[in-house]
Structures are given as C-alpha cells and as structure tokens.
Amino acid sequence: MLQLIKKRLIQLVFVLFILSLVIFILMKLAPGDPVLTLLHADEMSITQADEAALREELGFDQPVLVQYGKWMLGLIRLDLGTSYLKGRPVLDELLDKLPATIQLTASGLAVMVAIALPLGLIASRYPNRWPDHVSRILALVGASIPSFWMGLLLIYLFSLKLGWLPTSGKGSFAHMILPSITLGFAMAAVYARLLRSGLLDSLSQDYIKAARARGLAERRILMGHALRAALLPVITVFGVSFGNLLAGSVVIETLFAWPGLGSLALEAIFERDYPIIQGYVLATGLFVVVVNLLVDLSYSLLDPRIRLGKGASS
Amino acid sequence: MLLLKENKRNKRLFFTILLLVLSMVVAGCGKSANSSSETGNTGQNATAAAENKAGKTLTLLYHFKSGSLDPHNDYIVLKAGVVETLVRMDDKLELQPWLASKWESVDDSTWRFTIREGVTFHSGAKLDAAAVKASLERGIGVNKALDTTLKIASMKAEGQELTITTTEPLPAFPSELVNPYSGIIDVAAEKTMGTEAFNKAPVGTGPFQIKGFTPNMEINLARYDSYWDGAALLEEIKFKFNEDGNVRALALQAKEADLAFQLPAEMVDVIKQDQNLKIESLAGLRAHFLLYNQQQPALKDVLVRQALDLLIDRESMAKDVMLGNASAANGPFNANLPFGSQEAVQPLDTEKAKQLLEQAGYAQGSSGKLEKDGKPLTLEVITYKGRPELPLIAQLLQSDAAKIGVTLTIKTVENVDTYLRDNNDWNLATYSNLTAPRGDGGFFLNSAFIVGGSLNPANISNDELSAIIAQLNATGDVAERVKLTQAAAAVIKAQALHSYAVYPNIIVGMNKKVTGWTPGPEEYYLVTNKMDVS
Chain B
1 MLQLIKKRLI
11 QLVFVLFILS
21 LVIFILMKLA
31 PGDPVLTLLH
41 ADEMSITQAD
51 EAALREELGF
61 DQPVLVQYGK
71 WMLGLIRLDL
81 GTSYLKGRPV
91 LDELLDKLPA
101 TIQLTASGLA
111 VMVAIALPLG
121 LIASRYPNRW
131 PDHVSRILAL
141 VGASIPSFWM
151 GLLLIYLFSL
161 KLGWLPTSGK
171 GSFAHMILPS
181 ITLGFAMAAV
191 YARLLRSGLL
201 DSLSQDYIKA
211 ARARGLAERR
221 ILMGHALRAA
231 LLPVITVFGV
241 SFGNLLAGSV
251 VIETLFAWPG
261 LGSLALEAIF
271 ERDYPIIQGY
281 VLATGLFVVV
291 VNLLVDLSYS
301 LLDPRIRLGK
311 GASS
Chain H
315 MLLLKENKRN
325 KRLFFTILLL
335 VLSMVVAGCG
345 KSANSSSETG
355 NTGQNATAAA
365 ENKAGKTLTL
375 LYHFKSGSLD
385 PHNDYIVLKA
395 GVVETLVRMD
405 DKLELQPWLA
415 SKWESVDDST
425 WRFTIREGVT
435 FHSGAKLDAA
445 AVKASLERGI
455 GVNKALDTTL
465 KIASMKAEGQ
475 ELTITTTEPL
485 PAFPSELVNP
495 YSGIIDVAAE
505 KTMGTEAFNK
515 APVGTGPFQI
525 KGFTPNMEIN
535 LARYDSYWDG
545 AALLEEIKFK
555 FNEDGNVRAL
565 ALQAKEADLA
575 FQLPAEMVDV
585 IKQDQNLKIE
595 SLAGLRAHFL
605 LYNQQQPALK
615 DVLVRQALDL
625 LIDRESMAKD
635 VMLGNASAAN
645 GPFNANLPFG
655 SQEAVQPLDT
665 EKAKQLLEQA
675 GYAQGSSGKL
685 EKDGKPLTLE
695 VITYKGRPEL
705 PLIAQLLQSD
715 AAKIGVTLTI
725 KTVENVDTYL
735 RDNNDWNLAT
745 YSNLTAPRGD
755 GGFFLNSAFI
765 VGGSLNPANI
775 SNDELSAIIA
785 QLNATGDVAE
795 RVKLTQAAAA
805 VIKAQALHSY
815 AVYPNIIVGM
825 NKKVTGWTPG
835 PEEYYLVTNK
845 MDVS
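Respectively, the protein sequence lines represent chains B and H. 314 is the number that this note's numbering gives the last residue of the first sequence; the numbers go up by one with no jumps. 848 is the number that this note's numbering gives the last residue of the second sequence; the numbers go up by one with no jumps.
Don't read these hints as lab results, they were simulated from the structure. A virtual CB, placed ideally from N, CA and C, is assigned to each residue, including glycine. Please note that a few of the clues may not be correct.
[To be verified] If we take Cβ atoms under 8 Å as the criterion, some of the chain B residues that face chain H in the derived model are:
1) P31
2) T47
3) G163
4) P166
Here chain B stands alone, though its shape is the one from the complex (with noise of 0.2 Å):
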C-alpha cells in the first residue's frame, strides 16, 4: 500500500506538471487577454499604446514557454502568483472559496446518497417490477433536467410559491439545502443506477448464495455482503467524475450566488486571468489524483479479494 502512495504520488507530480502545461499553452493560444478588463477599456479613454505598454508591463509578449518557466519558477517556491485582475495572491482566493465549494460538494453529496442509495435498493430487490420502473422514470428525470432549470424551478417552488427558504445566498442551513438538493438530485440519478446493476451483479454471486444457505437474514445480505461488492463500481464512478463534481458546481454556484471555486475558476477563464486559471487547475488536479488515490485504498476494504501492493492486483 505503501508503494501504491508513493507510486502516486510520483504520478501526481508528472500529472500536475503535464496538466498546468497544456492549460498554460491552451489558454495563450486562446484569443485575448487581460489587459483590455484591467484598463477598464469599455469605460476609460484607453490607446491601443496603453495597451501595449501595459502587455509589455505584464510579459504577455514574451515567449509563452518563457512565461510558463517564470510561473514554474514561482510555483517552486511555493508562489502561486498574484490574480491580476483581484490584486490578491492565487493561493488566498482559492482558499477563500474552497470551503464554500466543500460544502456545497459534502452537502450535495448527502442528498446523493440518501436519494440514490434507496432507490437503488429498491430497484434491485424487486427488478423489472414497479419500484424499478418508478426508479429508473426519476433517473431519467434526474438526469435531463439541466441543473439550471431544476435549481429555478425549486427556486420558484420553495421560495416564491411556499416561501420556505431563501432564494440565494449562504450562511444559514436553510440556504443550503436548494443547492444541495440540486446538485444531488442530478447525481443520484446515475449512481441510482449503477448501484442498482452493481447489487444485481452481486446478489447472483455465489457468496450470496452461500450466505443464504447459511440461513443468513436476508436483510444482512443485502446490506452486509451485496452492498459492499456493489459499491466498488460506484466508488469507480465517483472518483473518477470527482473534477466533475468540484468545477461541475458553476451553475448552481452562479444561480444561487455561492461563492465557490467554480464561479471564481470560470470569471478567470472569461477575463483570462491566467494565474488564478493555473492556480484552479492545479488545486483540481491535486483533488482529483488523492481522491483517486482514497477510492484504490478503499477496494480493499471493500472487498477482501483485492489486496493492494501485491503482486498484479496493485
């Protein structure tokens, strides 16, 4: 296990370098830049030589490579650089967000669980019957509704017609439980699903068979032993669209005005504010590769056929 870290974490490194690489080339090459937003051109008599002066100011006309190796030097030092449009170091406006989005995430999460993990229990009990079929109708439903629709309509629903909860903004419980349900409810929609396969693939296991010989409680098979095989292509799933899951959040960020890091990641992405893109990029990388990292180690526990660190199965 401990090689599988180490092995990790040795990628982790190859991963960010490639990663903050190709954005870096990516968003270059992409028209624009900055300069016209920091010169406030649409409000200010601004030259085209005030422009160049300040592109010259800033390094735009350098090579790119040249300007990727200037960041990396910061980045050694543990500098993530300065926003240029915020004035303020990358790494204190990620920070300023990140709580806001891990809440968002944990809270969607929730509500992910505790709408996908019935359905999809019941679905598999009692497949091709009604409960199934009332499942997979809000699976669909879950899964085309655009997030930005769903968040209005429960806008509209909770807020203007019941006048339960707030329409926007953070702070209170009641303020996170639409987001919440948004973001949940779409994702439970697929893990619903997967889960549903996943325990249906288990419960034909001859294991279950055996339990069931033993004259195990049918409720304890499900729980105990199915559930836990059927988890591990979920927890797949998960780890994988986990990036998803953190930068995936902007719309219900911008409906529900949460101050989280997808809002901030997709503002620097439009005014090209490189150093906060970089910054973004490698904070999701770094996520998404531990993650990854916790759903390997939790095969194991998972399933007592997969042993990490020995021989192929690492």
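Given the coordinates of chain B, work out where chain H should sit on it, guided by the hints.
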C-alpha cells in the same frame, strides 16, 4: 517481522489518511451545522424581523458580484454609498459639486478645487485637501486606467484648496473626476488597518459604512450618523449580488429583495402583475451598434455603408428583439443627453438602400443577388453572445439585407475585442458600449474614432471628425462641448462610420414600499441618504 512492521505502518498510514478525509468532510458539515444553528434562527425570524423593523432596512440585489471592496478598483464601493467623488452627475447627467464644493480652471492644465467644509470620514477624520490628495495618489497608484485618464502631474494641498496640474491640457478634467474609481477614501485609516483589511471595509465619506462583507455575496451597510448631507433615513442596507437574472426576479417576487437590478426583459410583465411591485425601465448610457471595417474594399465606399445603415430596422429591434425595453437610436449618444442628437430616427428603407448600392455600381445579377464586376455583395457580420440581443440584431439585419439581394453571413466569436483586432477580414460587427459613461461624449469619440483608440479596431480615420475631436479635447466650455459633440455625431452619421441601432434600457424592479429613490441613467448612485421604505 519486517513485513509485519511494514504492514502495520501501512495500516496506520491508511487510517491517518482516512481520518484526514473524514475530518475534512465533518469539518464541512460541522461548519454548516454550526451556522445552521446560529443563522437558522435568523432565517426563521427574517420575515418577522423585517416586519418589526419596517422603515429601517432595505435589501438590494445587484447583477455583478464583487470579490473585493478596493475603492479604487471596484466601483461597487461608490455604488453602495460608501465613498463619494469630488464631482458627481445629476439626473440630467450634468456635473454637480459633491465633495468639491466648487472648482475653477486656473490655466489650461491647472485646476483649483475647493473641498467641501464639514465633511468627515467614517473614521471621524475631517476631510481636507491633503486627505483628498492622498486618496487620489493612492487611486492612480493602484489603478492604471485611472492614472492614464486623469493624467495628474502634481497636486498641492492647502487647507481646503487642492490645486491639480495635469500633464497635458484636459478641459474635461472635472468630468473625469466623476469616475467611480476616483472615490475619496481615508488613507490614514488604511495605514492603521492595513490594505488587506481596508479593502474589505473601506472608509469613505458616504451615507453608509461597511458593517460586513462576504465576497461575491453581500455587503452589509450601516448608516453613518454624521453624514454631511444629513444622516440616511434607512438604518441598514443589505447589498446583495446574484448574477442570474431569473433568480433576481424571483427574489423580488418573493419579497426577499426590495430592489433588483437588470431584470430579464421577459420577466417584466410577470412582475408588473404583482400589485406590490413595479418596474422602472429607463434609457441608459449604452448603445448597441454596428462597426464597419473600412479596410475592406466594399466598405470603403460610403454609399455601401449608408445603404447598410438604411437596412437597420431600429424600431423592430427595440420593440421585438429588446421587447420594448430599448429605444431606437439616432446617433452615438442617447437623445436624452444634453448633447444627444435631436434628429428623427432613421426608419428601415430597403428601396433607398438598393438605390444607393446601384449608385455604388452594384446591379442585380442573374441569381437575384446584387453584384459588382460579377461578384455578389457578400459580407460577414461578427457577433458575440456576451449580450444575447446582439446576435438577434445581426439576424434581423441579415433578413432585411436578403430582401434586396445582399448576403450577410453571421459569425459568432467568443472574444469579440481580440477577434476584431487580430483579424482584418471581417466586414461588419455588432458591438455594444457605454457611449457617455461620465455624462460626456469625449471618451467614446476619442476611443472609437481616433487611430490607436482602444475601441477602434478598424482604425477608422476621418479628417473632418478628427478635427472636431481635437477641438473638443481643447474645449472646456460646456455649451461649446455640447455643440462639438453634436457636430461629431453629425459627421459619424453622414459618413456612416458606425451605425447605431438601439439604446438598451436599464430595467430595475422595485417594491412599491421603497420611497425617495428612482434609478438614474448613470447607474452610479444606487444607495443614497434619501432612500426609505414605507
């Protein structure tokens, strides 16, 4: 033995990591749980509290979020009534004294401002010329654009007298000081607080001071009792941000917000149906217009540009594309402005457009398209989605042009500014800009019609217009500036250098209980000491 040890260590490591992750999740949940118990109450009592404190607080929902309250880099600080500038605009967009009680021009590049007596900062410090000088110095130090536009060479402060010398003659200097990035702050307070803290709670002279700030979410404002122009009627204001227009409209309908800015045009009718709410839709300082690339042979010909100008159905753009929340344009500057053009709006005239093109040498070919030297007149229109109505304006133009055999192809680009500069093969472009951001046309004329200006990607250059702009730049007299600005607009129209389509409206939704407040075309002074709730 060794293996066992390693195994043990592995296990420990694994559990440490697991614990770490768990603690992270718990911290996340714990935080929310904590805040829920603390603010859950506020949530429940919010409506009750609002009723009890009626007449005391107001909630305002703004359409751009702010992550910082640096008064010289974020105009929200001025909009929130925390800082004020030396000069302001009234609702007719004419200059009025604010923190400067009067000013005069000593010579071409020297101005003497008299700073208002009896003004204090939220810190209690008195406002004098030295404080203003320090604030302006900070402003031009941290905001490059402000430095470029103010062109301050030196400042001298004596008591309440501030003498400013500019690096070159700037007859419109006082109008530049309307700039929301030039708000006057207490630099001494910044020194004691530290810049990082100051940029979260800047100290100004306005009717409200910052009580709390959550970046990108809300500013809590509290009344400043010693405000020089009379303490505000409201005790507290919640200045919130939400960038989704539909949510802003819903929050207004749910009575969570009393004022909601920039509502989507399609929500206007729904809000009007609520008898507690009303909509203010007024002409702003922005114009949607067409750029012509005169580097292209076809558009070098003024007849072709004039013909295209006649193909713009301005009334339909205002009524159908903008759902009535815009007015048809007759020049760069809104007719409501003192220097706006009073001429009638050019209606759609396909016949005359065709005549002009025939005059320019185009004739109907066998395919029914207008051709010259065997080549059909096909032009590419660049548009972008940043303002969703611009692509629709391009489409309307496309369909009207097709009626007389002119083919327009539409290309949507992501970053229009960069595209127009980096490419030279475009013909037309839809664009949108503030044309009189500080109640003066000088900015737009200089940026869009002088070679090298930041809004002149096609390098438009017209000798007659350049001469007028040069004269304008050297004129301080307001009446004379109005005349020159109008003369410039007349040249733009005659030469069809740009074609102005519509002036989009500012749409503000408000609860009828809000009194003493109407939106202004400048969109600067959103929070005032006169606003109240009944």
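Comparing the hints with the structure gives:
no.: 1; hint: P31; result: holds (4 Å)
no.: 2; hint: T47; result: holds (5 Å)
no.: 3; hint: G163; result: holds (6 Å)
no.: 4; hint: P166; result: holds (6 Å)
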